[in-house]
Amino acid sequence: MQKKSYWCLLIAGIWLAAPIDVLAQRKRAAAFEHVHSLAMDSSGHALFLGAHTGLFRSVDRGRTWNKVSLSTKHAHLDVMDIAADPKDPKTIYIGTHEAGVFKSSDGGLTWKQANSGLGGMDIHGLAIAPNAPSKLHAAVREKGDGVYRTTDSGAKWVRVDDGPQGEIKVLRSVNISTGMGGIFLYAGTSMGLQRSPDCF
Amino acid sequence: MGGLPANRTVNGFAVNPQDPKIMFAAMRDGLFKSTDAGTSWKSIGNELKNLAAVTIDSKKPNEMFVSTINGTIYVSGDAGVNWEKQQ
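So the protein sequences, as listed, match chains A and B.
When we follow the working numbering, the leftmost residue of the first sequence carries the number 1, and every step to the right adds one.
When we follow the working numbering, the leftmost residue of the second sequence carries the number 1, and every step to the right adds one.
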């Protein structure tokens, strides 16, 4: 009798677990709507996810997520790309579709816009140099489109290039020497993967 | 960039911080790995599709995360050979 009960419980458990998993996935998909980016802070503690509905943070390796409060001024922010400082786990940058670049210096608790010099607010890619984290590149679309560079951790941006062809989805600085004094920028785009020296 | 599906969107991209010639591209078609700075690519993680993003834990570069476009997370502890759906 006990054996029979055990098997009934086991089968019921399996039967219930499958729909719960599906429900959890549906709930997550509804919360994010559309994912754009993932980044781990440099301590390996917090995983950040950028989505159409904002920025999310997980400290259990992606099992559960909490929405990060970014700005009281903006009701909706579409987080397109995330750049985690490779040396300072407290410093995180995000690029948004509506309001440019935001920077956090306290691990994501508080955020400030860092847009001085940017020609537009629609950021589609954000890359931090692994060997010099005060240098970042931002890909701007629509108004003021092009690639912008900061060498002072976002205090001031300067337009440096037209950028690759196609719509940029992700931008990363890669620590491979160009032989010309710089490293390479890789861009994931609607026309495939493209790369160019970052010393333009 | 031989080996990546031609004229297709690359949604996500990540580089091994200890060996930057090892890189990963996340696409709707799946996950692709290069060990020669992007000259050639191979499809890995055959169960992975509709990917939006990929990242690598800089402290433990064998640990990787990908997200599908709708937010399903997969984790690998062996540099992308095996993947497990995060529950």
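Note that these hints are calculated values from the structure, not bench results.
Bear in mind that the values here come from a model prediction, so they are computed numbers and not experimental data.
A virtual CB, placed ideally from N, CA and C, is assigned to each residue, including glycine.
Hints may contain errors.
Claimed, not checked - Looking from chain A toward chain B, a few residues come up when the C-beta cut is under 10 angstroms (computed):
hint	residue
1	Asp41
2	Val59
3	Gly62
4	Ala84
5	Thr110
6	Asn115
7	Ser116
8	Gly166
9	Glu167
10	Val170
11	Ser190
12	Gly192
13	Arg195
Claimed, not checked - Chain B is nowhere near these chain A residues, computed Cβ spacing over 10 angstroms in every case:
hint	residue
14	Ala31
15	Phe32
16	His36
17	Leu38
18	Ser43
19	Gly50
20	Asp122
21	Ala132
22	Ser153
23	Lys156
24	Asp161
25	Tyr186
26	Thr189
Of all the hints given earlier, name the ones this structure violates by number, lowest first. Hints 2, 5, 6, 7, 14, 15, 16, 17, 18, 19, 25, 26 contradicted; others consistent.
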